[in-house]
Amino acid sequence: MGLESKLGDSFITTTIDKVVNWGRKNSLWPMPFGTACCAIEMMATLATKFDLSRFGAEAIRFSPRQSDLMIVSGRISIKMMPVLRKIYDQMPEPKWVISMGACASCGGVFDTYTLVQGVDQFIPVDVYVPGCPPRPEDLIDAVMQIQKLIGDETVSVARMAKREEISQATLG
Amino acid sequence: MSEEQTDAEVVEPPEPIVIQQLRERFSDHILTVIDQRGELSVVVDKDASFQVLEFLKVDFNLSYDFLVDVTAIDYSQMEDVLIEYGYARYMVVYHLNAFLTNERLRVKVPVSEKDFTIKSVVALWNSANWLEREIYDMFGINFDGHPDLRRILMPDDFEGFPLRKDYPLRGRGEREKFNFGRENV
Numbered sequence: 008m009g010l011e012s013k014l015g016d017s018f019i020t021t022t023i024d025k026v027v028n029w030g031r032k033n034s035l036w037p038m039p040f041g042t043a044c045c046a047i048e049m050m051a052t053l054a055t056k057f058d059l060s061r062f063g064a065e066a067i068r069f070s071p072r073q074s075d076l077m078i079v080s081g082r083i084s085i086k087m088m089p090v091l092r093k094i095y096d097q098m099p100e101p102k103w104v105i106s107m108g109a110c111a112s113c114g115g116v117f118d119t120y121t122l123v124q125g126v127d128q129f130i131p132v133d134v135y136v137p138g139c140p141p142r143p144e145d146l147i148d149a150v151m152q153i154q155k156l157i158g159d160e161t162v163s164v165a166r167m168a169k170r171e172e173i174s175q176a177t178l179g
Numbered sequence: 017m018s019e020e021q022t023d024a025e026v027v028e029p030p031e032p033i034v035i036q037q038l039r040e041r042f043s044d045h046i047l048t049v050i051d052q053r054g055e056l057s058v059v060v061d062k063d064a065s066f067q068v069l070e071f072l073k074v075d076f077n078l079s080y081d082f083l084v085d086v087t088a089i090d091y092s093q094m095e096d097v098l099i100e101y102g103y104a105r106y107m108v109v110y111h112l113n114a115f116l117t118n119e120r121l122r123v124k125v126p127v128s129e130k131d132f133t134i135k136s137v138v139a140l141w142n143s144a145n146w147l148e149r150e151i152y153d154m155f156g157i158n159f160d161g162h163p164d165l166r167r168i169l170m171p172d173d174f175e176g177f178p179l180r181k182d183y184p185l186r187g188r189g190e191r192e193k194f195n196f197g198r199e200n201v
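Chains as they are written, first to last, in the working numbering: chain R, 8 to 179; chain E, 17 to 201.
To be clear, the hints were calculated from the coordinates, so they are not data collected in a lab. Glycine included, each C-beta is placed from N, C-alpha and C at the ideal position. Be aware that a few hints might be false.
[Said to hold, decoys possible] Pair by pair, the computed Cβ-Cβ distance ranges are:
#1 E:Ser43 - R:Thr119: 42 to 48 Å
#2 R:Ile47 - E:Lys193: 28 to 34 Å
#3 E:Met94 - R:Gln175: 48 to 54 Å
#4 R:Ser34 - E:Phe115: 52 to 58 Å
All chains should be built: construct the whole structure from the sequences, respecting the hints.
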């Protein structure tokens, strides 16, 4: 990029945390778990008008093995919950979860026999997006919140341990 | 309007041909005919439901060849309907369409709790397969002769039939007890 010619024989100092977090937060690979109308707004967020690639999170992977940000957008029934949990478990660490919209966050208007009243009962959620459905701007804001969270993290086993703790508490 | 005209006998318009033909063949089994704003509904005895639907499909002139929908209604909180059909709690409803004439017909079959089985129409319309499974899933009505009668929407281990009126909206603790099918977690 020509950076080397400007720097010459000098070098820059930084910390491992900063470099790794910089890489992680600017190349989030979302795993879309779209089950309802929120997914339409998620698609709009990814499309040209709102363009999530401006925030480095446009590489949607439908394979959980290649993604690190799960966007739960839509209603999750008790029949769907094992699928969601399996996909979450298949994602490699480090991983983050956005619970998009009222239904994913608390069941929304569907206070019924079949609907999970908030996915945070079963998977750890980092950022909740209010709205029914939320505007694409809200989802972009949530991604930026995730980026902030990533920026505060440290490359250590501590995070893994914390995750495991939450996971044990929610699932057992 | 003159006096003579009001006294004159009111001539009812003739019944639609499909109703005439059904009355001719299944007179004992036709319970009610409802014609509301041009929408025809026939309430048919459960014993003859399959034969009536078969006739409606196979008859060359009627040829109701398209099964639009099969659904059911729980009338347990509608006293007047219950009284009319001998306290048959449920009503299985078939929506038919004839491509030839573009006529539509609704066939309703009362199903009582005493005898919870109705003959499946999968033999007539293959599309009834999943529709009848959904009714079984939601109302618990059994379909005699169905090739694969099991739940379609709810989890396989779900207990109860959620669209029955006595089933609570928030369920009987299914979502609270949900634990990925594992005990003691």
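Each hint tested on the structure:
Roughly 44 Å separates the CB atoms of Ser43 (chain E) and Thr119 (chain R), a value that falls within the hinted 42 to 48 Å. Under the hint 28 to 34 Å, the C-beta atoms of Ile47 (chain R) and Lys193 (chain E), about 32 Å apart, fit the expected range. In this structure, Met94 (chain E) and Gln175 (chain R) meet the distance hint of 48 to 54 Å, their C-beta atoms being roughly 50 Å apart. A hinted range of 52 to 58 Å for the beta carbons of Ser34 (chain R) and Phe115 (chain E) is consistent with their spacing of about 55 Å.
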